[in-house]
Amino acid sequence: MTAPILALRGVNKSFGPIDVLHDITLEVRTGEVLCLLGDNGAGKSTLIKILSGVYQPTSGTIEMDGRPVSFPTPRAAQEAGISTVHQFGGTFPLMSIGRSFFVGVEPTKGWGPFKVYDRKKANEIAVRAVQEMGITRIDDGDRLVGGLSGGERQSLAIARAVHFGARVLILDEPTAALGVKQATHVLRIVNEAKRRGLAVIFITHQVMHAMAVGDHFAVLIRGAVAADFRKGEKTREEITDLMAGGASMASLEAEIEGYMSSHGGHPPPPA
Amino acid sequence: MGQSSAGRLLRRPEAGAFLGLVAVLVFFAVFGGVAFLKPAGMASWLNVAANLGVISIPVGLLMIAGELDISVGAMVPFGAMTVAVISGHYGLPIWLGIAAVLLFGVIVGLINGLMVVRTAVPSLIVTLGSLFAVQGIVLGLTVLITKSTSVALVTEGAAKAIFGDFLFGGQLQVMVAWWIAATVLYVFFVHFSPFGNWIFAMGGDRASARNAGIPTDRLTVVLFVLSAISAAFVGMCQAILFNSAQVAGGQSFIFNSIISVVVGGVLLTGGFGSVIGIFFGTITFAIVTQGIYYTDFDRNWSSLIIGVLLLGAVLMNNTFRKMALNYSPKKGARP
Chain A
69 MTAPILALRG
79 VNKSFGPIDV
89 LHDITLEVRT
99 GEVLCLLGDN
109 GAGKSTLIKI
119 LSGVYQPTSG
129 TIEMDGRPVS
139 FPTPRAAQEA
149 GISTVHQFGG
159 TFPLMSIGRS
169 FFVGVEPTKG
179 WGPFKVYDRK
189 KANEIAVRAV
199 QEMGITRIDD
209 GDRLVGGLSG
219 GERQSLAIAR
229 AVHFGARVLI
239 LDEPTAALGV
249 KQATHVLRIV
259 NEAKRRGLAV
269 IFITHQVMHA
279 MAVGDHFAVL
289 IRGAVAADFR
299 KGEKTREEIT
309 DLMAGGASMA
319 SLEAEIEGYM
329 SSHGGHPPPP
339 A
Chain B
4 MGQSSAGRLL
14 RRPEAGAFLG
24 LVAVLVFFAV
34 FGGVAFLKPA
44 GMASWLNVAA
54 NLGVISIPVG
64 LLMIAGELDI
74 SVGAMVPFGA
84 MTVAVISGHY
94 GLPIWLGIAA
104 VLLFGVIVGL
114 INGLMVVRTA
124 VPSLIVTLGS
134 LFAVQGIVLG
144 LTVLITKSTS
154 VALVTEGAAK
164 AIFGDFLFGG
174 QLQVMVAWWI
184 AATVLYVFFV
194 HFSPFGNWIF
204 AMGGDRASAR
214 NAGIPTDRLT
224 VVLFVLSAIS
234 AAFVGMCQAI
244 LFNSAQVAGG
254 QSFIFNSIIS
264 VVVGGVLLTG
274 GFGSVIGIFF
284 GTITFAIVTQ
294 GIYYTDFDRN
304 WSSLIIGVLL
314 LGAVLMNNTF
324 RKMALNYSPK
334 KGARP
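Chains A and B are the protein sequences, given in the same order. Quick note, in our numbering, the first sequence goes up one by one and the last residue is 339. Quick note, in our numbering, the second sequence goes up one by one and the last residue is 338.
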């Protein structure tokens with residue numbers, strides 16, 4: 069097994085008196101999809117924001133390639149190769165595919181002060197990058213992003229991250245707002261990113277989607293890692309039960325709360 | 004192929020503005036004859052368009068970037084009064100007056116921009132504040148210094164020829180040349196250089212733009228400086244042209260610039276628009292306000308036409324924008 073590219077070691081995060089994350093320890097390796105599962109309010113978003121440089125952990129360390137790192141800004145995380153794609157793609161609905169693909173790094177042609185934006189080149193590269201990821205329906209770089217389907221937008225954003233050399237791809241509920249067919253497109257792209265050796269952190273509610281692409285699963289409950297297991301170690305029913313409530317969920321929550329109150333706020337070690 | 008290129012034109016942001024311009028031209032040609040298309044008639048609306056256009060393009064860029072600047076209404080008399088007081092009342096060299104106008108433009112623009120960026124107060128409110136503050140400064144200082152609300156200014160030589168004269172001794176103001184030159188420069192920077200992309204990205208989704216590495220704060224401040232300088236510049240040129248400056252006036256530029264920009268196809272919430280569209284929108288607006296004189300209609304009806312035009316333009320622009328969004332190449336058309 070390869071060394072983890074990105075690892076969290078005992079990360080805590082609190083906002084004033086409110087503890088949001090407790091002793092999070094997680095690892096993700098290249099060519100592997102880590103599925104982060106959890107109900108609303110479990111702390112998934114906070115965790116992503118720590119990884120993408122929006123928040124700083126209150127304590128604990130983030131390691132990249134085995135070395136401790138810190139990301140004071142989203143830009144710093146991006147430069148380290150961590151790319152985050154949000155639920156709605158984080159793209160610009162009224163810009164063309166080519167233009168939005170290259171926002172901030174526009175290709176130019178010409179000389180000196182007469183450098184002009186190279187529309188043709190931008191469109192070509194953007195369309196090729198998306199098609200290589202398996203979305204062949206996008207073939208005109210002049211189309212506006214807002215005219216694409218939700219799945220195509222996600223795919224465009226993921227293709228963009230891959231094209232600009234992301235090593236860790238964080239996907240924040242990419243399939244939440246999508247239909248079945250659209251979600252399949254996105255899952256195919258997640259697999260493609262994995263095949264290319266990216267480490268993917270895939271946040272989702274849908275166990276089906278997680279099972280389809282995940283190699284490694286972590287379930288967050290109340291800001292703590294309640295379960296951490298690899299593919300095949302739990303059945304779909306068990307995962308659903310863990311995530312979506314049910315008797316075992318309720319008892320687990322009670323158990324964790326009981327443990328935490330008797331152990332000075334610390335959660336139990338992951339199962 | 005002809006059909007697809009016509010479709011391509013219709014999906015551009017300036018499509019509505021162009022059709023609006025054609026409609027207005029036809030309307031006034033029918034009701035007013037072609038007099039307003041003859042040189043004297045053209046000068047009347049081109050002069051109005053030029054003075055407005057130099058201001059409405061930067062105001063439009065701010066709108067594309069998701070901001071609003073209404074302080075231009077105070078910057079026009081501020082620019083006029085600054086040059087008139089320095090070079091007219093005190094009799095200092097005209098170039099000193101011009102430098103002061105541009106400097107004050109930069110200062111007010113910086114204040115507007117930094118306030119918007121630092122405080123996250125909506126730019127409408129910030130520039131509403133600076134609109135009144137600058138108006139107060141202009142009135143207060145002018146009366147304090149000159150004991151009057153109107154100051155005379157006599158300019159000769161190069162400064163007069165460059166900033167406040169008529170082209171070729173005719174009826175066209177020099178401002179028309181400034182306006183066309185500015186439009187060409189803006190078209191280049193907004194639609195051809197990479198910076199233009201940043202403005203659209205910022206208006207589309209500010210957080211994503213920042214994450215993509217665009218210096219959104221700096222760009223916002225630069226755009227506010229640009230609109231403040233442009234408005235002060237127009238005021239200064241008017242003072243040089245008419246040999247005097249008044250503390251009042253300039254208020255009309257607030258709404259007129261916003262109307263030109265919106266008729267020109269810029270989305271009020273940002274992220275969509277074009278410089279050429281604003282250019283057409285400005286001409287359309289100027290033709291409506293001036294063309295009425297060439298018809299038998301009472302002048303008082305021109306506001307009605309502008310109101311209807313504005314609503315019509317917005318509806319039309321919405322339609323064209325939807326067309327652009329829904330556009331996708333026909334299935335089976337590709338190999």
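One should not assume that every hint holds.
[Unchecked claim] Footprint (simulated), chain A over chain B, 3 or more residues, beta carbon under 8 Å:
1) 22 to 34
2) 104 to 117
3) 197 to 211
4) 215 to 225
[Said to hold, decoys possible] FRET-style restraints, in silico, Cβ to Cβ:
5) A:VAL184 - B:ALA161: 45 to 51 Å
6) B:PHE171 - A:PRO140: 27 to 33 Å
7) A:VAL248 - B:MET326: 37 to 43 Å
8) B:GLY216 - A:GLU306: 38 to 44 Å
9) B:PRO218 - A:THR303: 32 to 38 Å
10) A:GLU200 - B:GLY216: 56 to 62 Å
11) B:MET326 - A:LYS249: 38 to 44 Å
12) B:PRO218 - A:VAL184: 41 to 47 Å
13) B:MET326 - A:ARG77: 39 to 45 Å
14) B:LEU131 - A:ARG264: 33 to 39 Å
15) A:VAL184 - B:ILE165: 50 to 56 Å
16) B:PRO218 - A:ASN259: 46 to 52 Å
Simulated from the structure, these hints should not be mistaken for laboratory data. A virtual CB, placed ideally from N, CA and C, is assigned to each residue, including glycine.
For each hint, the structure was consulted:
1. 22 to 34: violated (count 0)
2. 104 to 117: Result for this restraint: violated, n = 0.
3. 197 to 211: holds (count 10)
4. 215 to 225: Coverage by chain A holds for the stretch 215 to 225 of chain B (3 residues, Cβ < 8 Å).
5. A:VAL184 - B:ALA161: 45 to 51 Å: violated (33 Å)
6. B:PHE171 - A:PRO140: 27 to 33 Å: Cβ of PHE171 of chain B to Cβ of PRO140 of chain A: about 60 Å, so the range 27 to 33 Å is violated.
7. A:VAL248 - B:MET326: 37 to 43 Å: Between VAL248 of chain A and MET326 of chain B, where Cβ atoms are some 29 Å apart, the hint is violated.
8. B:GLY216 - A:GLU306: 38 to 44 Å: Holds, since GLY216 of chain B and GLU306 of chain A (Cβ atoms, about 43 Å apart) stay within the stated range.
9. B:PRO218 - A:THR303: 32 to 38 Å: violated (50 Å)
10. A:GLU200 - B:GLY216: 56 to 62 Å: violated (24 Å)
11. B:MET326 - A:LYS249: 38 to 44 Å: Given about 25 Å between the Cβ atoms, the range is violated.
12. B:PRO218 - A:VAL184: 41 to 47 Å: The hinted range 41 to 47 Å is violated for PRO218 of chain B and VAL184 of chain A, with Cβ atoms some 20 Å apart.
13. B:MET326 - A:ARG77: 39 to 45 Å: violated (53 Å)
14. B:LEU131 - A:ARG264: 33 to 39 Å: violated (52 Å)
15. A:VAL184 - B:ILE165: 50 to 56 Å: violated (29 Å)
16. B:PRO218 - A:ASN259: 46 to 52 Å: Hint violated: Cβ distance 36 Å, outside 46 to 52 Å.
Against the hints set out earlier in the document, violations occur for numbers 1, 2, 5, 6, 7, 9, 10, 11, 12, 13, 14, 15 and 16.
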